[in-house]
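Each protein sequence line maps, in turn, to chains P and S.
This note's numbering applies: residue 102 is where the first sequence begins, and numbers increase by one.
This note's numbering applies: residue 204 is where the second sequence begins, and numbers increase by one.
If you are wondering where the hints come from, they were derived from the structure by calculation, not from laboratory data.
There could be a bad hint or two in this list.
With a cut-off of at most 20 Å between alpha-carbon atoms, the simulated DMTMM-like pairs for lysine to aspartate or glutamate come out as follows [claimed, not checked]: (1) P:143 with S:303; (2) S:212 with S:276; (3) P:195 with S:303.
For each label pair, taking beta carbons as the anchor points, the in silico distance ranges come out as [unchecked claim]: (4) S:221 with P:212: 43 to 49 Å; (5) P:210 with S:256: 44 to 50 Å; (6) S:299 with P:113: 24 to 30 Å.
In this text the structure is predicted, and so the values were computed from the model without any measurement.
All C-beta atoms, glycine included, are put in the ideal place defined by N, C-alpha and C.
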Amino acid sequence: GESVGLHLPTLSVQEGDNSIINCAYSNSASDYFIWYKQESGKGPQFIIDIRSNMDKRQGQRVTVLLNKTVKHLSLQIAATQPGDSAVYFCAENKGGSYIPTFGRGTSLIVHP
Amino acid sequence: NAGVTQTPKFQVLKTGQSMTLQCAQDMNHEYMSWYRQDPGMGLRLIHYSVGAGITDQGEVPNGYNVSRSTTEDFPLRLLSAAPSQTSVYFCASSYRVWDEQFFGPGTRLTVL
């Protein structure tokens with residue numbers, strides 16, 4: 102989830118565990134959602150997206166779940182690896198808008 | 204394909220100086236955008252373009268100008284740098300605004 106202040110929420114897991122990262126989005130009219138991964142010193146990298154007509158979408162080792170009732174998005178990473186260590190953040194966009202809203206992110210630390 | 208490229212990687216300016224951050228993409232994407240990333244905050248959209256010759260303001264446009272004379276290039280100009288513009292700047296592109304965005308590696312700007 103999100104929090105105030107400069108420090109990002111942190112999730113620490115052991116290699117091989119499953120990770121779940123959460124995001125509360127702000128606009129009930131948003132209909133397109135994306136998860137990004139950002140490694141230290143690099144630009145954000147697309148992981149997976151989902152549109153509001155879906156509740157779940159799966160990719161390679163990742164699953165995104167969308168709960169429109171409570172405006173909640175989650176990213177599940179299966180069999181987490183050290184290379185998954187990064188900041189993960191969600192973005193939302195409302196159809197017709199060219200201005201997406203990005204969350205502050207969650208730092209995932211994977212211990213070997 | 205080089206993807207999205209940005210120059211310079213690092214820049215230090217004095218208050219009042221002007222400069223241009225360069226961004227180019229070779230994927231023939233119509234949508235290009237500039238974001239700034241500040242500690243503890245999500246990415247914020249500065250300006251965007253939906254095609255050559257078309258630009259518009261994002262969430263935080265003040266103090267910045269853009270132009271889009273070609274599909275490939277989308278430079279960001281700081282007119283008179285201020286310490287509040289110290290940030291990491293990312294350029295991104297996508298085929299459409301509601302598609303996967305590809306981000307550049309970023310420019311870390313410090314204004315003294």
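### Query
Against which earlier hints does the structure fall short, listed by number upward?
6
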